[in-house]
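Trainee: Residue strings, one per chain:
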Amino acid sequence: MDNLTVVGKPVTRIDADEKVTGEAVYGYDLVLPNMVYGKVLFSPKAHAKIKRINTDKARQYPGVVAVVTGKDAPWIHGESIRDKPFLAQDKVRYIGEPVAAVAAVDEDTAEAAVRLIEVEYEDLPAYTSPEDAARMDAVAIHENFASYRKMPFITPGAGPNVCEHFKLRTGDVEQGFREADVVLEERYSVPIIQHAAMEPHSAHAQVDPTTGRVTIWVANDAPFRALHEITEALDVPKEQVRFINPLQGGGFGSKGGLKVEPVAVALAYKTNGRPVRVKFNREETFISTLTRHGAIVHVKSGVKKNGAITAREMTIYWNGGAYAEKSPTVCIRGSLPAPGPYRIPNVKVDGYAVYTNVPVAGSFRGYGIPQGAWAVEQHTDELARRLGMDPLAFRMQNVFADGDTAYWGEELHSVGLKETLQKAADAIEWGKKIDSMPGSRVKGLKIGKGLACIQKPTRSPTTSSAGVIVNAKGEASVLAGTVEIGQGCNTILCQIAAEELKMPFDKVRSASLDTDVIPYDASTTSSRSTYHMGNAVKGAAIDAREKLAVLAAPMLEAKKEELAFADGKIFLKHQPEMALTVGEVVRRKFGPEGTVRGDASYTYELAKDLDLETGHSDNASAFYMYATQAAVIAVDEETGRARLLRMAAAHDVGKAINPLNCAAQIEGGLAMGIGSALHEHLVIDQNGKVRNPSFLDYHLVTALDLPEMIPIIVECPEPQGPYGAKGLGEPGLAPTPAAIGNAVADAIGARVYDLPLSPERIFWVIQEKKKGKAA
Amino acid sequence: MKRPEPLEIFQPTSLKAASTLVKEQGPGGRFLAGGTDLVIAVKEKGYKPKYVVDLKRIPGLTGIRVEKDGSVTIGALTTMHEVETSPVVLNKYPFLARSAAEVGSVQIRNRATIGGNMANATPSADVAPALIALEAKAKISGLNGERTISLEELFRGPGQTNLAPEEILTAIVIPPASSGLRGDYIKFSPREMMDLAYVGVAVALDLHDGKQCRKARIALGAVSPTPMRARRAEALLENQTVTEELAEKAGAEAAAESKPISDVRSSADYRREMVRVNTKRALLNAVAGEPAFWVERRDRRY
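The listed protein sequences correspond, in order, to chains H and B.
Going by the numbering used here, the first residue of the first sequence is number 22, and it counts up by one from there.
Going by the numbering used here, the first residue of the second sequence is number 57, and it counts up by one from there.
If you are wondering where the hints come from, they were derived from the structure by calculation, not from laboratory data.
Where hints are given, some of them may not hold.
[Stated by the list, open to error] Here are the simulated SDA-like pairs of lysine to any residue, each with C-alpha atoms no more than 25 Å apart in a straight line:
hint, chain 1, residue 1, chain 2, residue 2
1, H, K464, B, I317
2, H, K464, H, A161
3, B, K104, H, K580
4, B, K99, H, R263
5, H, K710, B, E100
6, H, K790, B, E300
7, B, K99, H, E304
8, B, K99, H, R782
9, B, K101, H, M219
10, H, K464, B, L302
11, B, K101, H, K580
12, H, K72, H, A161
13, H, K464, B, T297
14, H, K792, B, K104
15, H, K580, H, D564
16, B, K101, H, K72
17, H, K710, B, K305
18, H, K464, B, E301
19, B, K106, H, D129
[Claimed, not checked] Restraint-style ranges between C-beta atoms, simulated for each label pair:
hint, chain 1, residue 1, chain 2, residue 2, range
20, H, R406, B, D319, 33 to 43 Å
21, H, L205, B, L146, 53 to 63 Å
22, H, A329, B, D325, 37 to 47 Å
23, H, A45, B, V122, 25 to 35 Å
24, H, P95, B, R212, 46 to 56 Å
25, B, V320, H, L205, 46 to 56 Å
26, B, L146, H, V52, 42 to 52 Å
27, H, S150, B, S318, 15 to 25 Å
28, B, Q216, H, L681, 26 to 36 Å
29, B, K267, H, L681, 33 to 43 Å
[To be verified] One side only, chain B facing chain H, incomplete, derived with CB under 10 Å:
hint, residue
30, E123
31, S323
32, V333
By construction, the Cβ of each residue, glycine as well, lies at the ideal position given by its N, Cα and C atoms.
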């Protein structure tokens, strides 16, 4: 089939110019006529009853247009569990929860007025640790949890704050441990971190005073899901709300669901038709939007001397924060494959998503995979070490391959994992020891290598729909609900449309996203877009092409079957000079302003839903992504500082629709993963207060922290994917910390169980090891 | 970012006028130099000075010049970029240039001034340890004329100096460099760049024949309320040959002298350990005349 002309080619992103020149307009930049400016009063308490709110002074402040509290906005939203008020109702559950808001003629006035709102609180006990909050005798953070509307697959746990208890049961782990020659039990932890997208959160909202219709301008990664969530909360028909999606300046999972939208809408109902802008600054984004789940991961495994894994038991506590958000599904989709991509006959996993009094956790690039991988991939190295096996060989012996039945009951196909392992290992010259840095006179520098692999599912079942419109000028536009969050989807989808329409790539563009006109899409999450929306756009383009062929046949005095498409033309297969341009066909039929439209929808359906007692499923995911990353690191033993020298990342993408974009995704993922490995940690004290809500002390990596990066594309085609494609967005950072952790352990001869791998943490581990040796 | 409240800004053209202004306007004002600390404090941290006196219209406060006696005067409004790239500084006190290069980013260094940085009195300021190790002096102008104190005495606490409200830091004066002067500055922070010093160590040694230490100065940043000298560690080195063993001892002594705190960045214990290690390294680097230990970040910077 490889006579592809656009797909598989490293074309330049269609949005490159506008972005590098700064011309692109993002959600945060948006200015609407006659708009007012919103500011939020955030809770200073982690868990407290609201005794009294007095807004009189704020209302009287000159320039104030509206003041709202929970009383004015008695709506509750929530994707998985409907538990989150637009503005706090009677109590607050984390520091940073919106309590009240002001709209005013300018931002300074709004800020001055919001400070005049007086709130009296009565403190309640607050939890920051999910293990504490999960106890049976813990104080309930949500007193009315039992009455909340929940998605049907949610299974709350026994304790009052456990909003999801996921169970995986395969075989008999106790029997497996008895059969093992070596049993190892360890505890790992991952701190809370944040997405830190370059563009902070914002939303604009307007309520039409005559029709009551709500328009929301927001860079949301799933406008149709947000539309559902907000109309459900407001109890209005879907037609009453419209989402317009400006460009998004990065999201990484933080801009799904409802974040700033509820406050903007609550204010917009009170401004008599004037649009409201609510923009969070960096500190507000840190404390009030979304984080990645901190996790505590217990893992116990049994292995035989011959390297076979007999059993694995895991308990994972996911720190969900004050509201459920996507915690239940992160818990399910992160806990299910947490034991890793290995053949294990006996597996038991308990995943607990737990309410606590810290900022809300939710989706984050990787959706629960990085937390499990941090534990299991280092645990894998520890097992190999105890068996005297090479970690790569141990993995090669145990990893999934085509035809294997995974421990959740699904038969796997298109498994490119071994190829990623081999290629990543080769790229760092696995097995070749490096004793010192070339040309360095440094003493006490230890060099180590490590690798880690992952398997990542995608959200299933889901639907994507698309339209393709061809006009009389021979141009096409793609109508797709996939959001350009920086990942390059518009380029990929236009490549697919151009390929199927056989039109030049530069004649195909993406339509902007407005839920009034764009067909439905589930979400721009879970690395699902190339596969799902790619299939939908491919179908829509084929539909348009078929319609064009029907129109062109009489014009060319031929049968439809005799026609072929190339270079924007329709022609007779056996007589190529008998040709019409695509535009000419449209024009002759419908005139110079005419169009031809194709449509298609793609749904991946599950044969059988997840079994809630065993966690088993015949096909838990539309496809799986496989990746291995390998690191070479130098650790300065006297200070604990680790500096990466090289990282290779081999990713099975099925088929690279755009190899250039794939390599960039891998490098971007690596950079983010390196940050989460070496630096990132949202420090939350015992009172639930974020201590480092700024880039001064929340350290992202800079270009200088990055090593030589080697992206490697592996193509093990997925039969159902467009041209064989899978996904790539999330895995880029998933194995990174574990690969680095394994390299650090190789370098210093001791294991670091907690992230981040800061100089101080590594330093103390080295000191402990020295003490142990001395004793 | 909040737009600052309107505030009164004065732009005097002489030192005397500036001091007189402050005397007249009373307490609660603030001098403005590069603005890299002050503007952020006003815009993002809710700091509200009653008025601001911009010093940039006053002539004679910029530039680096060698005096007749061989000492070097650096005007208070000289930017970090100028200090970092000055041939005089690079030639006489290369580690001072390096410490200036450690500040913020290129954009910040183009704007931030050495005098502003000193008068802001942040304990982690990168150039302070290097200047103190060089026994730099602070030239101060007030209503009753000029006075000169040692730079070390300028600092009183975090964000506090011993300047009277109307006094202006006009220049930093570095004594003549002896032929045996060798030094080093190590900034220790988790991130390679764009980070604050968790520990800063500067050493300046006067070596006889490149070996015997006639005089040693060790200054530490970020490990006490003000940049500090490690005098007991210095005493261990004087009139000795700096060996690895002695450097190790001096490092341990400096660590014992330091008074770090635990905060969100680091524990006090770790900071003390890093004083120990980095003092040792800075001493050995100075003696070797080139970095003998792992180069933190000198090969790449922005």
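Trainee: Decide, hint by hint, whether the structure agrees.
Mentor: Structure-based check of each hint:
no.	hint	result
1	H:K464 <-> B:I317	violated (29 Å)
2	H:K464 <-> H:A161	violated (54 Å)
3	B:K104 <-> H:K580	violated (80 Å)
4	B:K99 <-> H:R263	violated (36 Å)
5	H:K710 <-> B:E100	holds (19 Å)
6	H:K790 <-> B:E300	holds (24 Å)
7	B:K99 <-> H:E304	holds (13 Å)
8	B:K99 <-> H:R782	violated (35 Å)
9	B:K101 <-> H:M219	holds (21 Å)
10	H:K464 <-> B:L302	holds (17 Å)
11	B:K101 <-> H:K580	violated (74 Å)
12	H:K72 <-> H:A161	holds (19 Å)
13	H:K464 <-> B:T297	holds (21 Å)
14	H:K792 <-> B:K104	violated (51 Å)
15	H:K580 <-> H:D564	holds (17 Å)
16	B:K101 <-> H:K72	violated (29 Å)
17	H:K710 <-> B:K305	violated (41 Å)
18	H:K464 <-> B:E301	holds (14 Å)
19	B:K106 <-> H:D129	holds (19 Å)
20	H:R406 <-> B:D319: 33 to 43 Å	holds (36 Å)
21	H:L205 <-> B:L146: 53 to 63 Å	holds (56 Å)
22	H:A329 <-> B:D325: 37 to 47 Å	holds (44 Å)
23	H:A45 <-> B:V122: 25 to 35 Å	violated (51 Å)
24	H:P95 <-> B:R212: 46 to 56 Å	holds (54 Å)
25	B:V320 <-> H:L205: 46 to 56 Å	violated (34 Å)
26	B:L146 <-> H:V52: 42 to 52 Å	holds (48 Å)
27	H:S150 <-> B:S318: 15 to 25 Å	holds (20 Å)
28	B:Q216 <-> H:L681: 26 to 36 Å	violated (54 Å)
29	B:K267 <-> H:L681: 33 to 43 Å	violated (57 Å)
30	E123	violated (37 Å)
31	S323	holds (7 Å)
32	V333	holds (5 Å)
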